[in-house]
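So the protein lines, in turn, are chains V and S.
So in my numbering, the last one in the first sequence is 1987, and the numbering has no gaps at all.
So in my numbering, the last one in the second sequence is 500, and the numbering has no gaps at all.
No wet-lab data here; the hints were simulated from the structure.
Small disclaimer: the values here were computed from a predicted structure and weren't measured.
Note that the Cβ used here is the ideal one computed from N, Cα and C, for glycine as well.
Do not rely on the hints blindly, as some may be mistaken.
[Unchecked claim] Here are some of the chain V residues that sit facing chain S, going by a computed Cβ distance under 8 Å:
1) A1556
2) G1559
3) R1591
4) F1595
5) A1597
6) Q1601
7) G1602
8) Y1603
9) F1785
10) P1788
[Unchecked claim] Sample of chain S residues with no beta-carbon within 10 Å of chain V, all distances over it, derived:
11) N71
12) K74
13) I214
14) V215
15) K268
16) I308
17) R334
18) L377
19) A403
20) F490
[Claimed, not checked] Derived Cβ-Cβ restraints for the label pairs, each shown as a range:
21) Q1758/V - A384/S: 22 to 28 Å
22) K391/S - N1580/V: 31 to 37 Å
23) I430/S - S1752/V: 54 to 60 Å
24) I430/S - H1585/V: 54 to 60 Å
25) Q1758/V - F244/S: 45 to 51 Å
26) A384/S - S1752/V: 38 to 44 Å
27) S344/S - H1585/V: 43 to 49 Å
28) N1580/V - I430/S: 51 to 57 Å
29) E1615/V - K391/S: 26 to 32 Å
30) K1797/V - K296/S: 50 to 56 Å
31) K391/S - G1514/V: 48 to 54 Å
32) K391/S - G1693/V: 38 to 44 Å
33) N1794/V - A384/S: 55 to 61 Å
34) R279/S - N1794/V: 37 to 43 Å
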Amino acid sequence: MVGKIMSKQDGKYLIKGEKGNWEVIIGLEVHAQVTSNSKLFSGSSTKFGAEPNTQVSLVDSAFPGMLPVINEYCVRQAIKTGLGLNAKINHFSVFDRKNYFYADLPQGYQISQYKNPIVGEGNITLDLPEGIKNVGIERLHLEQDAGKSIHDIDPNNTYVDLNRSGVALMEIVSKPDLRSPNEVNAYIKKLRSIMRYLGTCDGNMQEGSLRADVNISVRKEGEKKLGTRCEIKNVNSIKFMQMAIAYESQRQVELLESGKSIDQETRLFDTKKNETRSMRSKEDAHDYRYFPDPDLLPLNLDKKLIEKIRKNLPELPDQKKERFIKNYALSSYEANVLVSEKEISDYFEEVAKTSDIKLTKNWIMGDLFASLNEKNISISQSPVTAKIMAQLINSISSGVISGRTAKDVFEIMKETGEEPNKIIESKGLQQKSDPKELERIIDKILNNNKDKVDQYKSGKDKLFGFFVGQVMKASEGKANPKLVNEILFKKLK
Amino acid sequence: MTELTKKSLTEITKLIKKKEIKSEELTESFIKNIEKDKRLNSFITKCSESALVKAKNFDKKPEFKNLLPGIPIAVKDLFCTSGVKTTAGSKMLENFIPNYESTITNNLWKEGAFLLGKLNCDEYAMGSSNETSYFGNVMNPIAENTVPGGSSGGSASALAADLTPVTIGTDTGGSIRQPASFTGTVGLKPTYGLCSRWGIVAFASSLDQAGPMTKSVEDCALMLEVMAGFDEKDSTSISKKKENYSKNLSDKVKGLKIGIPKEYRVEGMPKEIDKLWENGKKLLQESGAEIIDISLPNTKYALPTYYIVAPAEASSNLARYDGVKYGFRSNRGNNLLEMYENTRSEGFGDEVKRRILIGTYVLSSGYYDAYYLKAQKVRYLIKNDFDQAFKKVDALLTPSTPSSAFKIGEKKDDPISMYLNDIFTVPVNLAGIPAISIPAGTDSNNYPLGLQLIGKPLDEQKILNIAYAAEKKINFKLTLKKWWEK
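Model the full structure from these sequences, guided by the hints.
Here it is, written out as structure tokens:
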């Protein structure tokens, strides 16, 4: 494949073909695991990482005569998510059977929702560099996950782990409103953030709690009609989604420009070769023979239940962002960063409660984030808790240590989680703020550098910095810089 | 004194409670009969040893307050029984031993009964003559080489031949009432949702319902009382107060309105059945009931509707028998697909395959609207017919079946004529309402024939009462020649 040529015009992501510019149209079907202790239709645990086949009930393994019973908590989680997506909650929804054979699908069908999902249309607001963008949500429905087939234990046999079998998923389908890999990135991050705020999905992509099918088509710039789309199944990281989109859209442009047409088909993304491959064509597509599951009654949701959930919704990222801008005088960019994760926003607010706002945001977005990146940990795993971060910032504000020394103290804190007060105490890092002591040091330096004092007085202003440096050196960096400046300025007059 | 095994459940229970007989003695008499079952072939699994142990245990520490004190009961082999093979009449589950107990059988054991054995049935309850069972056909004790009906054929045969005092079956399109009619016994299909489906091998989930099969209406009321009840493990179970069907049983039918649906008079129906029906009307009238002619205009669509809905659900319900987790697995095949194909080809019988094919077809894309969706709409119309009728009458009286028991093999290769057997029973399943079949007479061969009483949803007490009144008037007695013991 030839190199990808893309152009950004007015922030628009376009593929430059030989015959003009092409727009990429993307829709996502995100599968989000519902945060719940037990499965959608059985009491089995959903904990990740257990020994294979230890979290499987007779229902999950589809023994004869077993019947599903809906887990009410999962239903409430879906409603909560729907409300977080500004979506319509359907008072009437139906569970259907999606029939197909596979070794890790014990029932021979997946219980899902087809014609009547629990949540209807909604939207998500994306904060993009080029401005705000609204992405439509088509629907959200509940369904059960399948088990896992393991092909690499034995060369001749496939092993099946049913721990995931029956785990509740929310399938969240977007409208074809996304136009670039960056928008997909922003969409997934925002969706994940909303669900984490709500506590309805932990968004852990490594553990498979969040996966997506990506629908892609291309059309000539300015064209209104949608092109034929391909669906790329089961992509489990944002990076892979972006790579898959880049590859697939280019492939489609090349096909169309060479006069061929796109086959509507399901494709797989090969992460090693960085390419998409045909999985099955439309003709080979499964006929899932959807029909309402006769073992389950339709879901009739009480208005009062929905209103109760709505009333108890937590503050969501968009609302929090507005409040941060208003209450803490943050820029839109700063607020965005600080609300992106609920844990970060909580951390920020806890530190800000007792500390200077400007120092708080700078320390969190600067040194703290750098240390998290460096160690590849989340803010809740950081040894530097909000409490000791506030202590550090307050010792700067009150002049106990300089901003420069604070950086050294932070280096110790990020490794040990020690309280900054104790570090400052034990290492004797307090600033020298006694004017008499500082005068003594300054006098000594001025005496030893009489020539330079003369030069300064005759107009060489730049030497002021030299004197400050000498004082800091003599005080082992502990002299209060503000005081040093004041005294020096007086003495050199 | 009549033989113990010929007595009704009510009589036996009284004897046990009065300490006139012991559970061991009772159980032994049934086991003696069961040992001569070979030609009837009504049992798939006999639990004689464990039943005797349980009988002795009961006698040591009898609990007389229970409704079924020390009563041995054999059940249709569609109910999962913990530690005892549960085959559903299929090769697929030939060696399947569940480690769980169905809610319904558990309800029996909680009232003091214990398991006597597992009774033959059509494979996955698909059949009207018990000829589709992997474990061979069952004979009707009324005459050699006649079918006992199906799918609860083994249950009906064992009950009529005095191999169990009562039994339980399941009824998806007539599988309790038709065999009851063929064997001169009583069978009731309760309102959908009254009896839990949990632990019963599923055929068609929206139609399946367990029910009692007994020698008398009184026994039937008692058994229903034990079986019925809300079960949180079955989402379609109805939450309601337990009823005392046996205590409230009454033969007073004065003033009740009984509807006679004209659509149940079908062409080619034997005159004897018509006569029996007339007789039923007459004796209920004599008892003070009012007979009213009514119409259920969509009756003719019930059978085709049933043969779309039931196979559709079955095709999906039976997908789990794939050789992966439990049950039969073919040892032929080099990959997953071949394993599936061979397992299901070898493990299922012809009738089951036929219904899976039909069900898969009617659900497939492009045909769904024309078949499955339309059938659902017609099903609603059929239910509406009954709703309208019950505005005018308390219950309906119809024949249970369009013929008496037929010969083994007679209809085996003609599925349509076999399916026609269910013509009077399927509308009730589609509507989810209760119905009882009671023996009402015999035909010229001296084969029994049944009458069916259909009630409003959850109105089991009323149809039991009417049946009770009719039973007294009819005073049906069947003498069996015990040819199978020779």
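Outcome of the hint check:
Look at A1556/V: its Cβ gets to within about 4 Å of chain S, closer than 8 Å, so that hint holds up. For G1559/V, the shortest C-beta to C-beta distance to chain S is roughly 4 Å, which falls under 8 Å, so the interface hint holds. A cut of 8 Å between beta carbons decides the hint on R1591/V: the least distance to chain S is about 5 Å, and the hint holds. The interface hint given for F1595/V holds, since its Cβ lies 6 Å from the closest Cβ of chain S, which is under the 8 Å cut-off.
Using the Cβ-Cβ criterion of 8 Å, the hint placing A1597/V at the interface with chain S is satisfied: the shortest such distance is roughly 5 Å. Of the supplied interface hints, the one on Q1601/V holds, with its beta-carbon coming within about 5 Å of a beta-carbon of chain S, less than 8 Å. At about 2 Å, the closest approach between the beta carbon of G1602/V and any beta carbon in chain S falls short of 8 Å, and the interface hint on this residue holds. Interface hint at Y1603/V: satisfied, since its Cβ lies 6 Å from the closest Cβ of chain S, which is below the 8 Å cut-off.
The criterion of a C-beta within 8 Å of any C-beta in chain S is met by F1785/V, whose closest approach is roughly 6 Å, and the hint holds. Checking P1788/V against chain S by beta carbon gives a least distance of about 4 Å; that is within 8 Å, so the hint holds. Residue-level check passed: N71/S sits 27 Å from the nearest beta carbon of chain V, beyond 10 Å. Distance check on K74/S: its Cβ is at least 33 Å (rounded) from any Cβ of chain V, clearing the 10 Å threshold; non-interface status holds.
With a minimum CB-CB distance of about 5 Å to chain V, I214/S fails to clear the 10 Å threshold, and the non-interface call is violated. Interface exclusion of V215/S from chain V breaks down, the closest Cβ pair being 5 Å apart, not more than 10 Å. For K268/S, the shortest C-beta to C-beta distance to chain V comes to about 39 Å, beyond the 10 Å cut-off, and the non-interface label holds. I308/S, annotated as away from the interface, keeps every beta carbon of chain V farther than 10 Å; the closest lies near 29 Å.
A beta-carbon of chain V comes within 10 Å of the beta-carbon of R334/S; the shortest separation is about 4 Å. With a cut of 10 Å on Cβ distances, L377/S falls inside the contact zone with chain V, its closest approach being about 4 Å. With a minimum CB-CB distance of about 25 Å to chain V, A403/S clears the 10 Å threshold, and the non-interface call stands. The Cβ of F490/S sits about 35 Å from the closest Cβ of chain V, beyond the 10 Å cut-off, so the non-interface label holds.
At about 25 Å, the beta-carbon gap between Q1758/V and A384/S stays in the expected band of 22 to 28 Å. Taken as a hint, the range 31 to 37 Å holds for the pair K391/S and N1580/V, whose Cβ atoms sit roughly 36 Å apart. In this structure the hint that I430/S and S1752/V lie 54 to 60 Å apart at CB holds, the actual value being about 57 Å. The beta-carbon spacing between I430/S and H1585/V, approximately 43 Å, falls outside the hinted interval of 54 to 60 Å.
For Q1758/V and F244/S, the Cβ-Cβ distance of about 48 Å falls inside the hinted range of 45 to 51 Å, so the restraint holds. Between A384/S and S1752/V the Cβ separation comes to about 41 Å, which falls inside the hinted range of 38 to 44 Å. Checked against the hint of 43 to 49 Å, the C-beta distance between S344/S and H1585/V comes to roughly 47 Å, which is consistent with it. For the pair N1580/V and I430/S, the supplied restraint of 51 to 57 Å holds, since their beta-carbon distance comes to about 56 Å.
At roughly 28 Å, the beta-carbon separation of E1615/V and K391/S lies within the given 26 to 32 Å, and the hint holds. For K1797/V and K296/S, the hinted distance range of 50 to 56 Å is satisfied, since their beta carbons lie about 55 Å from each other. Restraint check, K391/S to G1514/V: a C-beta distance of roughly 51 Å satisfies the suggested window 48 to 54 Å. Look at K391/S against G1693/V: about 42 Å separates their beta carbons, and that is inside 38 to 44 Å.
Checked against the hint of 55 to 61 Å, the C-beta distance between N1794/V and A384/S comes to roughly 29 Å, which is inconsistent with it. Checking the proposed 37 to 43 Å range against R279/S and N1794/V shows it holds: the Cβ atoms sit about 41 Å from each other.
Of the numbered hints listed earlier, those contradicted by the structure are 13, 14, 17, 18, 24 and 33.
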